[in-house]
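Visitor: Here's the letter readout for the chains.
4 protein chains.
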Amino acid sequence: MARVGFIGLGNMGGHMARNLLKNGIKVIAYDTDAKRVDYVKSHGGQAAGSPAEIAAATKEFVTMLPTGAHVVSVLTGPKGVHETIQPGSLCIDSSTIDQSTSVMLADWATKKQSFFLDAPVSGGVVGAEKATLTFMVGGDAKAFERAKKYFDFMGKNAVHCGKPGNGLAAKICNNMLLITTMISMAETMNLGIKMGLDAKQLASIINTSTGRCWSSDTYNPVPGVMEDVPSAKGYAGGFNIQLVAKDLGLAQNASTDLGAPTPLGSLAHQFYRLLANHPEYKEKDFAAIYKYFKESV
Amino acid sequence: MARVGFIGLGNMGGHMARNLLKNGIKVIAYDTDAKRVDYVKSHGGQAAGSPAEIAAATKEFVTMLPTGAHVVSVLTGPKGVHETIQPGSLCIDSSTIDQSTSVMLADWATKKQSFFLDAPVSGGVVGAEKATLTFMVGGDAKAFERAKKYFDFMGKNAVHCGKPGNGLAAKICNNMLLITTMISMAETMNLGIKMGLDAKQLASIINTSTGRCWSSDTYNPVPGVMEDVPSAKGYAGGFNIQLVAKDLGLAQNASTDLGAPTPLGSLAHQFYRLLANHPEYKEKDFAAIYKYFKESV
Amino acid sequence: MARVGFIGLGNMGGHMARNLLKNGIKVIAYDTDAKRVDYVKSHGGQAAGSPAEIAAATKEFVTMLPTGAHVVSVLTGPKGVHETIQPGSLCIDSSTIDQSTSVMLADWATKKQSFFLDAPVSGGVVGAEKATLTFMVGGDAKAFERAKKYFDFMGKNAVHCGKPGNGLAAKICNNMLLITTMISMAETMNLGIKMGLDAKQLASIINTSTGRCWSSDTYNPVPGVMEDVPSAKGYAGGFNIQLVAKDLGLAQNASTDLGAPTPLGSLAHQFYRLLANHPEYKEKDFAAIYKYFKESV
Amino acid sequence: MARVGFIGLGNMGGHMARNLLKNGIKVIAYDTDAKRVDYVKSHGGQAAGSPAEIAAATKEFVTMLPTGAHVVSVLTGPKGVHETIQPGSLCIDSSTIDQSTSVMLADWATKKQSFFLDAPVSGGVVGAEKATLTFMVGGDAKAFERAKKYFDFMGKNAVHCGKPGNGLAAKICNNMLLITTMISMAETMNLGIKMGLDAKQLASIINTSTGRCWSSDTYNPVPGVMEDVPSAKGYAGGFNIQLVAKDLGLAQNASTDLGAPTPLGSLAHQFYRLLANHPEYKEKDFAAIYKYFKESV
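Protein chains in written order, with this note's numbering: chain A, 108 to 404; chain B, 108 to 404; chain C, 108 to 404; chain D, 108 to 404.
Just so you know, the hints here were simulated from the structure itself, not pulled from any lab data. One thing to keep in mind: the hints can contain errors.
Said to hold, decoys possible - Capping the alpha-carbon separation at 16 Å, the derived lysine to aspartate or glutamate pairs in EDC-like fashion look like this:
(1) D:Lys401 with C:Asp364
(2) D:Lys301 with C:Asp364
(3) B:Lys270 with A:Glu390
(4) D:Lys389 with B:Glu334
(5) C:Lys353 with B:Asp364
(6) A:Lys389 with C:Glu402
(7) B:Lys401 with A:Asp364
(8) A:Lys401 with B:Glu402
(9) C:Lys301 with D:Asp364
(10) B:Lys301 with A:Glu402
(11) D:Lys301 with C:Glu390
(12) A:Lys270 with B:Asp305
(13) D:Lys270 with C:Asp305
(14) C:Lys270 with D:Asp305
(15) A:Lys353 with D:Asp364
(16) B:Lys301 with A:Asp205
(17) B:Lys353 with C:Asp305
(18) C:Lys389 with A:Asp205
(19) A:Lys301 with B:Asp205
(20) A:Lys301 with B:Asp305
(21) B:Lys389 with D:Asp140
(22) D:Lys353 with A:Asp364
(23) C:Lys340 with C:Asp305
None of these values were measured; they are calculated from a predicted model.
With the hints as extra help, turn the sequences into a complete structure.
Guide: The following block contains the structure:
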């Protein structure tokens, strides 16, 4: 049976490694935090002392790290993958990082006669836990086929989006659209209610009109309109505002680098950065921006 | 057979009056432009010399005018409806105007022992022509029932949204959400394409993800992604940019008056006002903002 | 000796009426709050039971009220000035209100063979108390000359800006520019400090460069850069954030009505409305927006 | 007599190299465009075939290049400075580039036992031509002293702003403030004129009020208010809109990287990017944004 390396065992990675183990995959894992490695060991995994140790032990590994700098360091830094990488290796990077960094790392892997996939996920911590993630994947088509079985164990859907960087492009773009639409939805509902409409009625009108969107029909931000969404539970869970700010930052970097103006995406970024350090909002779901507008004048 | 007054026979009103006539309703019509009255006469209508003449001749009339000031003038100005209005009259105002003006006119009608419905439409000139408009209606429930048959002749759908002003609230809110979502969609598609994604592929990913919206799945702004939408026809037809700017202005007035901040709606307003006087864009469909972003750096 | 009416004795009006009394002017005053009238009586003023009573007693009066609706009511409502106004009367309106309302009231005064000046002030409560206000005045030149002595008693400067509405235009425009510049200054200082510059050094560079502005050289928003400004005193005093939001709202109304896009002014409006209901910021000076940015990410 | 290397002889660098020659400095110059090297030769300079050739020939050199990637390539790429650099060398980089790249290059220079100064300029092509530039300089104090004589030959002012990156920080911050203030000024003047004020009168009121700024008192964007500024000459010359967009992009990169929200700076960036590819505006001075607003609705 195959053995897979796993580097980065945080809120997401820990669950993902556990789901591989649960499906009979042997996992050799590394994290700078020993407790997290212990968690994987308690589910049958093996510990490694460094990324280099992982690359020496297996030709297939997943990385799930907070920033591009972390991925660069794990692959090319001291005791990094580059010290021991074997030709024909496959690195599946599920981190959400700058596209430009990711494309550079794909080039680096090619020079090592290996493969690198950018494979960011949507679905959050709950998706990681329940293995219902969606993977958006950029890179070599054969490498995607080779990685497919792991995607299936860790998620329910994997989409090959084309060349290196395309997985990140798909995720970053979808999320920017999602987040700006959520703000629009929140300000629209707040305005409509202040203009005299009932919240449910307004939602119903929008859902059958041209304003229809995921934030209106599936994730309404106004408490009382829908059940089983964060707005029904004090904005707990869901898409954390700090992650929202991070994803919008990646969109802004691309927007600035590539000459693609994004006025609403950029303004959304400013707002969520302000909320990402606001004591009342920083741990909340992003739909809480409705409350923020509602309490304004 | 009933006779209905019609005041305001422009791009929309001319078609609407004709559709009433087509359904056997007798129409007595007025417009400051005699040619427009002639058009209605050529379809079997009768001409009136002033709004007052209409209110003397019938207790039911429709107004379809460009601004709140026009409606105020037609109802309460010289030779206006107020000079001759009969108790029990019903005014159906399908103009898209400031909610505050409309509510004031509903109060005025009550004092005249009459009824006033705010009944703005969506569907545009094509909807007016083909009698496929949707009416969003605020005001007395019985007055709505009384007006229902006329809505059925001029459109395909009429929604009673509650008290006076609610029809305008519904339209203004839905449109603000629609328009901001379109801008978000346009900047997302432009960014994604510059990040290396194929337009159809990105649209497909969005349509099955959380970024899904009417502007992505029904009205994609990128040429070549969908057929039979304005983006496939050089942005001809559709939702004219000058009307977009007008509708966003009504949203801004409400936002400022009612203390409901609308940061994205407000920024959208600024952009469409700039485009509404841009020689290349002013006559185009609002999805043309994609082209505007694409040609930027 | 002349007798002057005073309607509206709030935070500003109370001081202004007192300063007239202090200079030997007889004042007859009205406010809906009897305590405020008592305050003026305690300084030698006379009480009136209504605006109508004032207009019967004198041909010169000042209004200092929170909104245009209040001014309309005081002049044209029940027991209002219109019931008793004498030909040749002069109304000096120092309220900061919508220009369109003010121009309408100037027309109304003309019909009453009287004069109306829009004469909003800058200088705040401290300026009202110490008689150091600046009056920006629109309306008839002779009426301005007639009002001049009162301006001199209540302030230190009065500028005739031309026709009716021009006083408000000058105040609303200057304040929009001031407020947007303050935000720019705050975000620039925060960015520069995070880029590694010392606050005083950056301020010094700006003050001798093209970024120079009143918010940099006279009212720096960063604590420790200047003395005797609100940023040196926990943002106490100064230009209250709620008034900032109000003034920007007036600018937005004009912007929407007149077809003058104001993207930065409009965005500033959104931000200050959010802060105007924020428990920590609502009572602070507007320079506190620096702190708001600083605490963000 | 000293010999100085010069790498990058474009619109700015050509004049700067010539001014060194004019002051008796021997210059050895390199550019990828041979014609530009010929220009310097025609003024008495010497040609080099590569950056490496320059670093072999002298321990002091200036770089004036369009982007950070160019500077990185010239210093560390093939035939770059790194191949021949002598201990104790001094690199004066007058390019306007990302602060993070510049700080990285300063570290690189330290490893080479050499010195690197970030020394971006203000003053534009005219300042380069007439030797009236201002240098904002970050880096070692002794290196600044060593570079001082060259600054004096190429400009009229050099400010030492502290550690590496601080010169860029000062320039980027001042320019972001300048540019946002210009937009505010343009929208304020346009609004005020539409509200009925005379342009000169409004400018005069602002210049003695709290809205006062460099864009109002020194560089008014409204034609007819001031003489000898770009607005008086069809917005020719001045601060080119494409450079404005570039500088705001650098500010945005820093804003995103460092967690410093810049809502107005970011919105300004979006607008100038749209104008930077607009046929009518792309070659104009940045004050032309007044015209853009004026022609809107």
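Visitor: State the violated hints by number, sorted upward, taking the hints as numbered earlier in the document.
Guide: Violated hints (numbers, rising): 3, 4, 8, 10, 11, 17, 18, 20, 21, 23; every other hint is consistent with the structure.
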